Structure formats: structure tokens, C-alpha cells
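Residue numbers (full-length UniProt numbering), protein chains in the order written: chain A, 1 to 241; chain B, 1 to 289; chain C, 1 to 343.
Quick caveat, the hints were computed from the structure, so don't treat them as lab data. All values derive from a computational prediction rather than experimental measurement. Idealized CB from N, CA, C, for every residue including glycine. One should not assume that every hint holds.
In silico negatives: residues of chain C with every beta carbon more than 12 Å from chain A [stated by the list, open to error]:
hint, residue
1, Val41
2, Lys150
3, Leu175
Here are the simulated EDC-like pairs of lysine to aspartate or glutamate, each with C-alpha atoms no more than 20 Å apart in a straight line [claimed, not checked]:
hint, chain 1, residue 1, chain 2, residue 2
4, A, Lys85, B, Asp88
5, C, Lys325, B, Glu35
6, A, Lys85, B, Glu77
7, A, Lys88, B, Glu35
8, B, Lys121, B, Asp88
9, C, Lys223, B, Asp13
10, A, Lys238, C, Glu329
11, A, Lys21, A, Asp222
12, A, Lys84, B, Asp87
13, B, Lys18, C, Glu317
14, A, Lys238, C, Glu339
15, B, Lys181, B, Asp110
16, B, Lys121, A, Glu82
17, C, Lys272, B, Asp13
18, A, Lys91, B, Asp87
What the simulated footprint calls covered on chain B by chain A, stretch by stretch (three residues with Cβ under 8 Å from a Cβ of chain A suffice, anywhere in the stretch; the number is not a length) [claimed, not checked]:
hint, region
19, 37-45
20, 49-59
21, 71-83
22, 125-132
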Amino acid sequence: MELYSPEGLRIDGRRWNELRKFECRINTHPNSSDGSSFIEQGNTKVICMVQGPMEPVLRSQSNPNQANIEISITIANFSTTERKKRLKNEKRLVELKATLERTFEQSVMCKLYPRTVIQVNIHVLAQDGGLLAGITNAITLGLIDAGIAMYDYVSSISAGLYDTTPLLDLNTLEENDMSTLTIGVIGKSEKLALLLLEDKMPLDRLESVLAIGIAGGHRIRDLMDEEVRRHGNLRLSKVNV
Amino acid sequence: MILSPAERSYLYDSLIQKPPIRPDSRSGHQFRPLEAKTAFLPSSNGSARIRLMDGSECIVSVKAKVVLKSQESSLIECDIDVSGNRDDSNFVSILKFNLTNLLCQNFPMDVLQLTSKYSYKLFIDCLVISHTSYPLTLLSLATYLALKTTRLPLLVSDVDDSEVEEQPTFSDDWDKSKYLKEMVSSNSKFQPPIFITLGVVGDNLLFDPSTEEEQVLENGLILSWYNNKVITPISNINLASNSNNSNFKGMDPILISKSLALLKKYCGEIVDALDGIIEHDDATEGGIF
Amino acid sequence: MSVISITRPTNVYDDEPSDIEMSDVEESGELKKESAGESIVTPGELVTDDPVWMKGHGTYFLHDQTYSSVAGSVSRVNRLLSVIPLRGRYQAETGDHVVGRITEVGPKRWKVDIGCKQDAVLMLGSVNLPGGVLRRKSESDELQMRNFLKEGDLLNAEVQSIFSNGSASLHTRSLKYGKLRNGIFLKVPSSLVVKSKNHSYNLPGNVSVIVGVNGYVWLSKSKQGASSTTSATTNKAQAAFDSSSSGYNPGQGSVSITRLEEESSWEIYSDKNESISNSVRHTITRYYNVIKALAFGELGITEQRIIMGYEASLAYEDVGSLIDKEAMESICQDVINSEKMRG
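Start from the sequences, fold in the hints, and give me the full structure.
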């Protein structure tokens, strides 16, 4: 199987710097959450529901200086082609959760909401590569929908290195076969709120992978921003009637 | 959810009237309106999503796998995940036991047979994304829809493999796949079983009690409906699962026969409504939310 | 009547634009202009680089420039610049009339869920206790706090002040506030509640409603004869009071202290309902469904709209059919139409 043909085509027909289809919706669960979103990044589908900021259930969750962000991730048993029973305390999930909590504690203005907890529930319905990126984007939209103050969008995308060519937004097949990094870009800047690289990547190639990742992140930000504005303007027009 | 004593007594006094006065004025046998979408997960054999107006929502996927019959104890396996509840909690275990039990005992298993050695096994995974009232009915209605829209690939290899060692092979043309309902023998209809929860207040029986109503019920009943009749087991349960309900008490056995009559009268309509939504659902249209 | 109604999900916001185009071309043009003029800002967007603006909620300041921190519309009041988020939890303001539920009984205070980011606080000193307002609170009061209000109890109260950490402090030092009885509770999004002088109304059909600014609503049987007239007169008195005074006084426009003393018996903390007739119970469920319908249609909730919705709902003899989507939409349409007719 050839992941990248000499003509410059990938396994699903994309070029090296092309994103998969990215679709997102905001305010998908208005009656059961303070903020909600649904994203499809290629075949990866993620639901995000945000509750809060709210009074913590346990005293131990209360921090007098800032809000506590708690993220819980449920990966549906049916999310992969081969059904697999998943445990909530799987090591990989715990790590993912910690990574995300750290990312959003920096991007959300937590100081504004002392003694509260922001509960984020993630449901992964289908996964085809770019899991962390998909979840990050869904959380960004969910938090915006909940009206929670944050400095900027965190838009996330994965990128990998095939031989010497950087490839953007990998699917499962590509992800399994090459070293991959996931980044979270802050708004339109070139700053990163998140960087995860779990295997080796030659240092002299890192820059080119990051560059394509940041460009992809900006594109994702624009697509998310478009959806936020579309929904926001419709809401406003409704209020003004 | 905790109600104040004044709310509880107002609610109880309203529900015990004849006919009962429910907070949203539903009649005793009226369900809350539902929204449903089927066949929206392309990587599952069947799927459904069902949602109540208050935001309660459940997603069910059905996936089939080819197994050696001799190695499987059951051809149906259910798993339930309720957001905010641990997998090993009582609440989830009871839901899971109920649903598994219902489906394993009331399902035309012969449709899953492939050859004398091989068979399909169905994995039914339910995801309760949010819920206010007891989610069993919601789960079972979503499961019904998912099963009814389940498609299995067409077997192209020989059915009889008792003599020759042969792995079953399938047509890779998805258009040739068959719905479960088409595989049932022609003289019976494929209608998976469903659960109906009933609340008991005095002599009144309430379909689909809301979470507020659950707090003041005297008892709760779980009944199941399959092939146009009520089937066993019939069990009672305290539906107010996360708070203590001081009204909970024993109930008059006459109510059980009354509940059977109610189900006979109205379950046909529920099943028809579910079938109706499948017929009119167009998988290609719109997103899933 | 149908046992169950199952529909396919429709995205309200997807249908909207095509609907407008179909109904009236001219109108849709107008609408587009309006929405373009009031376009929203999103997190990280530069709002202004003019340093004269003071930075309010929903903004942050970096390198002499003011950015938005939420998705919402920009509000400029005097020199205060803020961004009002499209959605978000209720934010308490001093003077708001709210409905809340006790979540915790603590030392000398109750914690009350009013839908805010944090639970509000109701101090023992901010409630009327049996025996009149002027009596001292004693240690025995502290010990029997659960006899007055306990976990789960509903009350209506006024926001007295906001603490520096953002949580609200409540008081019930007026006869119109206090424990709630004789009815049912429902929630609507707080953004739909239109703030007004008065938030408790007597509705046709011997039913009263308190529409808390926080979106918590209490529907109940109206108080018997005498008190309903007094409430009317206090309203008038309050109106007069409000026009003559500027600024805020806690508990303004309430009944005189002497009467308060008379009525401050244990009865105000009773958990017993009065006897309520079935017709009133039915009317309450009708209002319940009407308010839910208004919330479904995202119409701002006012006394007038509740009454208009109620009148529109009378076309449905079976109140239970009001929970269906089409019925709710038609009620909202009726309300909008009758508002247009009245101008």
C-alpha cells in the first residue's frame, strides 16, 4: 500500500497540504447543556457538551482562585471499524484528558470564575485519525457556545512526516504508518497551546511539519469562526424580530 | 433532583385525580414527543438516535461480526454507557441486564444463522448522552429503530459447510445487503421487543413518567412488548433512582392486569409510529444534529 | 389523541433563512441588512485599539488593544465597552427578582441555586422569621434553620448585593418574597426573561406566576381575595414609589412593617398547600405548556405574551396536545400576530 504516490497523491486522493472535509455545528444540544458542539473531521465525529461554570459537586473540586476544568472522554465501542470494548480508565485516555485539561486551563480565562467547575463531556462516535485534534476543536466550540471567556480559538490539527514530505490532517491508515504530531494553534497567531508528538521525528524536518500544521490550524479556525458567526447572527436576528 | 414538600404534595394530589392531571397535561397513556434519526453511522450495520424535547438523548449502534457458533454463548451482546454514571454502577448494570435479557430471549435468532458452523453476532452499543427520567424506554425505542435499520452483507459462499471446511464469504456490494427484517421468514414480521415504563399513583397508570413525576410515584412498572403481546418478565422498580421517594409503597395487583390492558390498547400505535419514522427517514438528508 | 409523536430532527437555524425568503422578499432584505449591521464578534477578535474605552465584561486588554473573549454583540454604554455573550448562565444583578431552590443549609446561611455560575447565599439575617421583623435572631434560630427552609425548598427572593467573587446575596425581607407553595416549578432560559418592574403577575383563571429574572418560573394558585387586591394596590404603590425615588432600596414598595409583623407567623414557612380545585390545576398546566411553547419559540417572556399565549391556547381543547412541536409553533405565531395587530 502506497501512502504517498510519486505523483503527490495520498491514499484518499488528497495532496500533501489538503485538509479532509471539516464540518462543525454549534449549539447542538441546547436543552441539556450550557454549551454544545458537534464536529466531523474526515470520518472522525465528536460530540461535546459543556456544563458550567457551576457550583462544584465536591468541595475538593473548588478552587478559590479559578475555575476547575474537568474533561471526561467517552469513546464509543462502535467508533472504530472493528468494535472494541473500551474502559474509561485506559491509560491513553487518562493522558489525553490531562493534556486537554492543561491546554484549556491556559486558554480559558479561568480566573474569572472562581470556586466553579466547568464540566466538559466528550463523546467520540467515530474515529478515523486526528482524535486529539477533533476533540480539541469540539471543546473550543462548546466553550464558546457556553459563553465562557477565552483568549482565542484553539484550533487543532495533526500532521505527519512521510519520508521527507510533511502531510496534513492524517487519517487512521496514515497515522499508523508515520510519525505524527498534533498541534493546537491559538487564533490567527503562530503560538501553540498544545503540541503532542508521541514518536520520533527528525529535528531538521520538524519545522516544515509545524509550518503546514499551523497553516492547517488557521484554516480550521476560519471554518469554526464561520460557523460561530452564522449561528450567532441567526440568533441575533431572531432576538431582534 | 429534590422537590420541595409543597411541590411534592401538589404534584401527588394532581396525579391522583381521575383522570390524572399531569404537569404538562398529558393523558395517562401519552408519551412525550420524540425526535428520531436512523442509519446515521456509516460504519455500523444499524444505528439510531432518539431525543426528547428536554434534551434527553440516546444513540444506539448495531454492529455485526461473523463468529463460530460453538464458541459463543449468546448471539446478542449489549453494552450501555450512561454519561455521568460509572459502568459498574448499579444503575447501569440494571439497565444493561434488562435490555440484554429482553433481546436475548425475544429475538428471531435464526436470522443471524449463516452456515452450520458460522453465524452473525450482533453487538448493540447504547450511549445515553443525557437523561432526566429513567432512560430504559428511550434506550429500548432507540434499539428498536437501530435493529430495524440494520443491514447485513449478503452471504455468497455455500450455506452448508458441515462437510467442507470453508470460511463464509460475502458480497462486497452494499446494495445487495439485506435488512434484518427481510431475512425473517415470510409469515412473521420482524418487530424487536420494546420496554414500556409505567408510573403508578393510586389507581392511575402513567406512561413515560417525567423526572418530576418519578419523584412522587407510588411504584413503577417495567413491561415489555413483543409480537403484539405483553411478555414476561414484568418487574417493578423505583424510578426515582437518585433520590429517595417517600411515597414509594406496595401496589394493588389489579393494577398489573390493568397495565396489560393499557399496553394492548396503545402499544400497537407506538410500534406503528416507530415504523413510520423509519419509512420516512432519508439517510442522505441533513446532518445528524 | 395520539399516544406518541415521533418526528425527524430539524435544525431550527437551518430552516430559518429559507423560510424568510419564501415569505416576503422585501422583509428578508431588511432583515439581512439588520443582521449585517449588528454582526457579532468572536473570541480573539480585535474590538478596538482606541484606549479611551473602559474594558467591561467579555473583553480583555493586551498591548494597548481590546479584544473580545466571547462570541456576542458589542455593547457601548457611556465609555464602557463590553461584549454580551449569546448564551451563558444567568448573571445576577442587584434588585433582580429571582426564584431559587435551597441546595445546602450552612452556618447562619442557606445556599440557593438560582441558575448562576455559583450558588447564591441567603443569610439568616436576610429573612423574616416568625414573630416579626424587629426581633433579634437568636442561637435557637440558628439551630432550627431547617425548620424554616431546607434542601429542596423553593423560594422567591430579591438579589440584595453581589459579592466580589461574583456570587449573589439574596434577601426575602418583604411579604412578596419567601417560600413558595400551591403550584409547580419550571425553567426557561434566563435570556428570554424580559426585565420589568414587576415579575409576579396575576393571570386570568385564578392563577399567579412568578417569572424570575433567572428563568426559574413558579406557577401557582392565586392568593385568596383580599391578598390579590392588596397585591394590586402594592403594585400601584410600588409604581409611585419607583417614580419618586431614584436609586435602589432593598425591598422597596413592600408592605408596611406593621402588617408584615402581623403576618410573619409560622405560616410563611408552612409546607402545606391550600386546597386547590381541579379547574385551577388544569389552568396551571395550560399556562405551563404555554410558557414552554414561548420558550421553544425563543420569544421573550412577558406578562402580556403569557396571557396572549393562553388565549391562543384556548383553541386547543386538549391541553396535552400543546406539547407537540406544531402546536407550540402555532401558539408562538399567534402571539406574534396578535402583537402585530396591537402594534
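We went through each hint and held it up to the structure:
1. With a closest Cβ-Cβ approach of about 9 Å to chain A, Val41 of chain C is found to fall inside the 12 Å limit, against its non-interface label.
2. A cut-off of 12 Å between C-beta atoms confirms that Lys150 of chain C is not in contact with chain A; the least separation is 18 Å.
3. The Cβ of Leu175 of chain C sits about 29 Å from the closest Cβ of chain A, beyond the 12 Å cut-off, so the non-interface label holds.
4. As the CA atoms of Lys85 of chain A and Asp88 of chain B are separated by approximately 14 Å, the hinted pair is consistent with the 20 Å bound.
5. Annotation: proposed proximity of Lys325 of chain C to Glu35 of chain B holds, straight-line Cα distance about 10 Å (limit 20 Å).
6. At most 20 Å may separate the alpha-carbon atoms for a hinted pair to count; Lys85 of chain A and Glu77 of chain B meet this at roughly 11 Å.
7. Of the supplied pair hints, the one linking Lys88 of chain A and Glu35 of chain B is violated, its CA atoms being roughly 29 Å apart against a limit of 20 Å.
8. Using a Cα cut-off of 20 Å, the hinted pair Lys121 of chain B and Asp88 of chain B is violated, with the two alpha carbons roughly 24 Å apart.
9. Using a Cα cut-off of 20 Å, the hinted pair Lys223 of chain C and Asp13 of chain B holds, with the two alpha carbons roughly 19 Å apart.
10. Distance hint between Lys238 of chain A and Glu329 of chain C is fulfilled; the C-alpha atoms sit about 14 Å from each other, no more than 20 Å.
11. Between Lys21 of chain A and Asp222 of chain A the alpha-carbon distance is near 14 Å, which keeps this suggested pair within the 20 Å criterion.
12. In summary, the hint linking Lys84 of chain A to Asp87 of chain B is supported, as the alpha carbons are separated by about 15 Å, within the 20 Å threshold.
13. Distance check on the hinted pair: Lys18 of chain B and Glu317 of chain C sit about 18 Å apart at the alpha-carbon level, within 20 Å; holds.
14. For the hint linking Lys238 of chain A to Glu339 of chain C, the alpha-carbon distance of about 16 Å falls within 20 Å, and the restraint holds.
15. Taking the CA atoms of Lys181 of chain B and Asp110 of chain B, the gap is near 12 Å; set against the 20 Å cutoff, the hint holds.
16. For the suggested pair Lys121 of chain B and Glu82 of chain A, the alpha carbons sit about 13 Å apart, so the restraint of at most 20 Å is met.
17. A hinted pair counts as satisfied when its Cα atoms are at most 20 Å apart, and Lys272 of chain C with Asp13 of chain B qualifies at roughly 12 Å.
18. Distance hint between Lys91 of chain A and Asp87 of chain B is fulfilled; the C-alpha atoms sit about 17 Å from each other, no more than 20 Å.
19. Counting residues of the region 37-45 of chain B whose beta carbon lies closer than 8 Å to any beta carbon of chain A gives 4, which meets the minimum of three for the stated coverage.
20. Counting residues of the region 49-59 of chain B whose C-beta lies closer than 8 Å to any C-beta of chain A gives 6; at least three are required, and the coverage claim holds.
21. Only residues whose beta carbon comes within less than 8 Å of a beta carbon in chain A count, and the region 71-83 of chain B has 3; three or more means the coverage holds.
22. Interface restraint, the region 125-132 of chain B with chain A: holds (4 residues with C-beta to C-beta distance below 8 Å; minimum three).
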